[in-house]
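Asker: Chain A is fixed; fit chain B onto it per the hints.
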Amino acid sequence: MAYSAEKLNEEKVFKDPVHRYIHVRDRAIWDLVGTKEFQRLRRIKQLGTTYLTFHGAEHSRFNHSLGVYEIVRRIVDTVFAGRPEWNEEERLLSLCAALLHDLGHGPFSHSFEKVFDLDHENFTRAIILGDTEVNKVLTRISADFPKKVADVIAKTYEDKLVVSLISSQIDADRMDYLQRDAYFTGVSYGHFDMERILRVMRPKEDQVVFKQSGMHAVEDYIMSRYQMYWQVYFHPVTRSAEVILTKILHRAKHLHEQGYSFKHMPLHFYSLFEEKVTLEDYLKLDEGVFLYYFQIWQEEEDEVLKDLCCRFINRNLFKYVEFDPAREYKKLAKLSQLFVEAGIDPEYYLVVDSSSDLPYDFYRPGEEEERLPIHLQMKNGELRELSRESEIVDAISGKRRTDHKLYYPADFVSGSEEIRKLLEL
Amino acid sequence: MLKDHAKIIHAIALSGEVIGRKKLQKMIYIAKKMNFPFQERFQFHFYGPYSEELTLRVEELCNMGFLNEVKEQKGGYYQYRYTLTEAGEEFLGEHSVDMPCLGDCLGDINSQNARFLELVSTILYFDSLPEDEVKEKVLTVKKSQKYTDEEFANAYQYIENLKGMARQ
Numbered sequence: 001m002a003y004s005a006e007k008l009n010e011e012k013v014f015k016d017p018v019h020r021y022i023h024v025r026d027r028a029i030w031d032l033v034g035t036k037e038f039q040r041l042r043r044i045k046q047l048g049t050t051y052l053t054f055h056g057a058e059h060s061r062f063n064h065s066l067g068v069y070e071i072v073r074r075i076v077d078t079v080f081a082g083r084p085e086w087n088e089e090e091r092l093l094s095l096c097a098a099l100l101h102d103l104g105h106g107p108f109s110h111s112f113e114k115v116f117d118l119d120h121e122n123f124t125r126a127i128i129l130g131d132t133e134v135n136k137v138l139t140r141i142s143a144d145f146p147k148k149v150a151d152v153i154a155k156t157y158e159d160k161l162v163v164s165l166i167s168s169q170i171d172a173d174r175m176d177y178l179q180r181d182a183y184f185t186g187v188s189y190g191h192f193d194m195e196r197i198l199r200v201m202r203p204k205e206d207q208v209v210f211k212q213s214g215m216h217a218v219e220d221y222i223m224s225r226y227q228m229y230w231q232v233y234f235h236p237v238t239r240s241a242e243v244i245l246t247k248i249l250h251r252a253k254h255l256h257e258q259g260y261s262f263k264h265m266p267l268h269f270y271s272l273f274e275e276k277v278t279l280e281d282y283l284k285l286d287e288g289v290f291l292y293y294f295q296i297w298q299e300e301e302d303e304v305l306k307d308l309c310c311r312f313i314n315r316n317l318f319k320y321v322e323f324d325p326a327r328e329y330k331k332l333a334k335l336s337q338l339f340v341e342a343g344i345d346p347e348y349y350l351v352v353d354s355s356s357d358l359p360y361d362f363y364r365p366g367e368e369e370e371r372l373p374i375h376l377q378m379k380n381g382e383l384r385e386l387s388r389e390s391e392i393v394d395a396i397s398g399k400r401r402t403d404h405k406l407y408y409p410a411d412f413v414s415g416s417e418e419i420r421k422l423l424e425l
Numbered sequence: 001m002l003k004d005h006a007k008i009i010h011a012i013a014l015s016g017e018v019i020g021r022k023k024l025q026k027m028i029y030i031a032k033k034m035n036f037p038f039q040e041r042f043q044f045h046f047y048g049p050y051s052e053e054l055t056l057r058v059e060e061l062c063n064m065g066f067l068n069e070v071k072e073q074k075g076g077y078y079q080y081r082y083t084l085t086e087a088g089e090e091f092l093g094e095h096s097v098d099m100p101c102l103g104d105c106l107g108d109i110n111s112q113n114a115r116f117l118e119l120v121s122t123i124l125y126f127d128s129l130p131e132d133e134v135k136e137k138v139l140t141v142k143k144s145q146k147y148t149d150e151e152f153a154n155a156y157q158y159i160e161n162l163k164g165m166a167r168q
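Residue numbers (my numbering), protein chains in the order written: chain A, 1 to 425; chain B, 1 to 168.
For the record, the hints were derived by calculation from the structure and aren't laboratory data.
The C-beta atom is built at its ideal place from N, Cα and C for all residues, glycine as well.
Incorrect hints may appear among the rest.
Stated by the list, open to error - Short, incomplete list of chain A residues facing chain B, as computed with Cβ under 8 Å:
1. Thr156
2. Glu158
3. His191
4. Glu322
5. Pro325
6. Ser356
Stated by the list, open to error - Subject to a maximum C-alpha distance of 25 Å in a straight line, what follows is the list of computed BS3-like cross-link-like pairs (lysine-lysine):
7. Lys143(B) with Lys71(B)
8. Lys142(B) with Lys147(A)
9. Lys379(A) with Lys204(A)
10. Lys147(A) with Lys7(A)
11. Lys3(B) with Lys114(A)
12. Lys32(B) with Lys276(A)
As the list claims (entries may be wrong) - A short list of chain A residues far from chain B (calculated; beta carbon distances all over 10 Å):
13. Arg42
14. Asp144
15. Ala154
16. Thr402
17. His404
With the rest of the complex left out, here is chain B:
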């Protein structure tokens, strides 16, 4: 019980601080695609893979006092930062989560920029398609981003590295 909540707290604890809900969504999605057992379901929304379950779970964790959320004004929008609270640490101490290698993966994902993570997560979303179709699909749904061949190559390389990291 509350195992799925504990996994999200664990992910944020390992990441130190996550800046942005969008980034948190991408981090958990990419980790899930690396076969870490997160249960949240993702669907493709206007801007990429998105999980309403994750949004709500994070909201619950903030309400429970296990996560600290800081809201900042950024241009015409708000941006949110997440860190673990003491109560969250205590909760985690009593709910062990066994996901070896998650810390290395999340640390690496968290250090990447938003544009790149958007490309990586979108490629992963279409990973059941052949590689040339994936590219065509990404260029269609992310037309405005104008990703280059070099960025695609870097993203594929990055995914391979992450898979290796997740397997260790």
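If we strip away everything but chain A, and leave its shape as in the complex, we get:
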């Protein structure tokens, strides 16, 4: 029997708090889960530094990847199966792409990618196409299968219906992380009726559309996205931890460039500092490795690195005030000057954090061909963009909401009346 069609003797199931069970029958999927590159995802948290705000948010990209796989499995095996628009030969490709879509994420990936100018999508592709266990499993299916999986994840695969299952305005990726993040953070915002959404999904040429009768379930999902962003993803305390983490990485890189002699050689970071990261180097990185260095850097001679690491490890985070760049950018220059005079380096200790630093794709209908919107299929077969039919979605998609905060170490500035006054403390 061809490997692509090979089934396990009996179905394997993973217990899952969000989907109850994750079902695996395909031999290839089972083998992919067992690869070391996929197992590495257990050591990368799904929500990065959010655990410092919501202590339950310790779930990993491993959990999430299995969840995305399970949602796609339900869609292709129950919703799409037998429909003329769906090509059954794309089933295994869709499942593999769903399972592997986050494979290239690094530790605390948002800050990490920003500081070292890396892109997890490139590493996902490199892992799938490189000399890895994942590649060996995929190549057993067919020689060109790894490339197909990489193309689906890069959103450049020819069958856009397959791409849209894991990457569109309402896809398996988002449906899993909203519910999973809500579950693990303990908030009540991220819930929506996924079963209903799956029931009203229809494949249509190169996109997934939704029956008009399911509009309210889709509205609920859009609201959930909106609320999770402001309540969880862009939480100011999480952003404070993220600011410190980014500054730690910047400082360590800067020290290396200045020829600083670290007490303990940061071997895992050298290829990052020198921007020559190989796939082998990359796969050795996980959050355990990063936290180990942050732990030992608390004893470094460099006062800035030492202080920032102590803050991160012991959750002594920066405080913040609301900041309006339009009115207050001159004040920021004055504050910078006062920080320098007080012996506090503003480069590391006075930070404006904007919503565009953590972009989250609010649902917007946009311009023609800007991004593919969510389409409802009306009873007469016509497609209508969601916000044209839904007043709720129209209300939130038309509303601009952006946010800027100014972060600073409260303990460092407590002695300066002038700084406190400018910060309006």
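Answerer: Relative to the frame of chain A, chain B by itself:
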């Protein structure tokens, strides 16, 4: 601080007026591929390279009052026009941005039509592939556009000219 915001304001100031969010996305993407130091990250979406960071940054700049956005109805969709406000000019006056040659490049890109810019930006997105594979890839992901060999040749020539302009 706010350096990345200043770069976008600077780009729009140099362009005079940008008609369409899609065009603005293409302009910044192409400029970034010409090695101008824009920090926004782009990914391939259904219609081509797209940056959510850029979308949000522009939204922030409108909220700050540094950019003026005019929304116009165009068929079943809206189209947006962007220009700099007085407050934006003042902000830029205090945040110098050093990107020589950007004005010439953006002026030229802004004068090209949307179909051509879509081809140019998609070619640039796949520029790590060999040229014959780039063509195959573009024809796959942009099947409905039916680009001709002549258009490909013009796009490659245009990219070379832009690179020269960016280096001057």
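Asker: It remains to establish, for every hint, whether it holds in the given structure.
Answerer: Each hint tested on the structure:
1. Hint on Thr156(A) holds. Least Cβ distance to chain B is approximately 5 Å, under the 8 Å limit.
2. The closest approach between the C-beta of Glu158(A) and any C-beta of chain B is roughly 5 Å, which is under the 8 Å cut-off, so the hint is satisfied.
3. At its closest, the beta carbon of His191(A) sits 24 Å from a beta carbon of chain B; the interface hint therefore is violated under the 8 Å criterion.
4. Among the interface hints, the one on Glu322(A) is violated; its C-beta lies about 13 Å from the nearest C-beta in chain B, farther than the 8 Å criterion.
5. Interface restraint check: Pro325(A) against chain B, minimum CB-CB distance 5 Å, threshold 8 Å, status holds.
6. Proximity of Ser356(A) to chain B holds as hinted, the smallest CB-CB distance being about 4 Å (cut-off 8 Å).
7. For the suggested pair Lys143(B) and Lys71(B), the alpha carbons sit about 30 Å apart, so the restraint of at most 25 Å is broken.
8. Under the criterion of a C-alpha separation no larger than 25 Å, the hint pairing Lys142(B) with Lys147(A) is consistent with the structure, at around 19 Å.
9. For a cut-off of 25 Å, the pair hint linking Lys379(A) to Lys204(A) stands: about 14 Å separates their Cα positions.
10. With a C-alpha separation of about 23 Å, the suggested pair Lys147(A) and Lys7(A) falls inside the 25 Å cut-off, and the hint holds.
11. Under the criterion of a C-alpha separation no larger than 25 Å, the hint pairing Lys3(B) with Lys114(A) is consistent with the structure, at around 15 Å.
12. Of the supplied pair hints, the one linking Lys32(B) and Lys276(A) holds, its CA atoms being roughly 21 Å apart against a limit of 25 Å.
13. Listed as a non-interface residue, Arg42(A) keeps its Cβ farther than 10 Å from every Cβ of chain B; the least gap is roughly 25 Å.
14. With a cut of 10 Å on Cβ distances, Asp144(A) stays outside the contact zone with chain B, its closest approach being about 13 Å.
15. For Ala154(A), the requirement that its beta carbon stay farther than 10 Å from each beta carbon of chain B is not met, with the minimum near 6 Å.
16. Not every beta carbon of chain B lies more than 10 Å from that of Thr402(A), the smallest distance being close to 4 Å; the non-interface claim is violated.
17. Listed as a non-interface residue, His404(A) fails to keep its Cβ farther than 10 Å from every Cβ of chain B; the least gap is roughly 8 Å.
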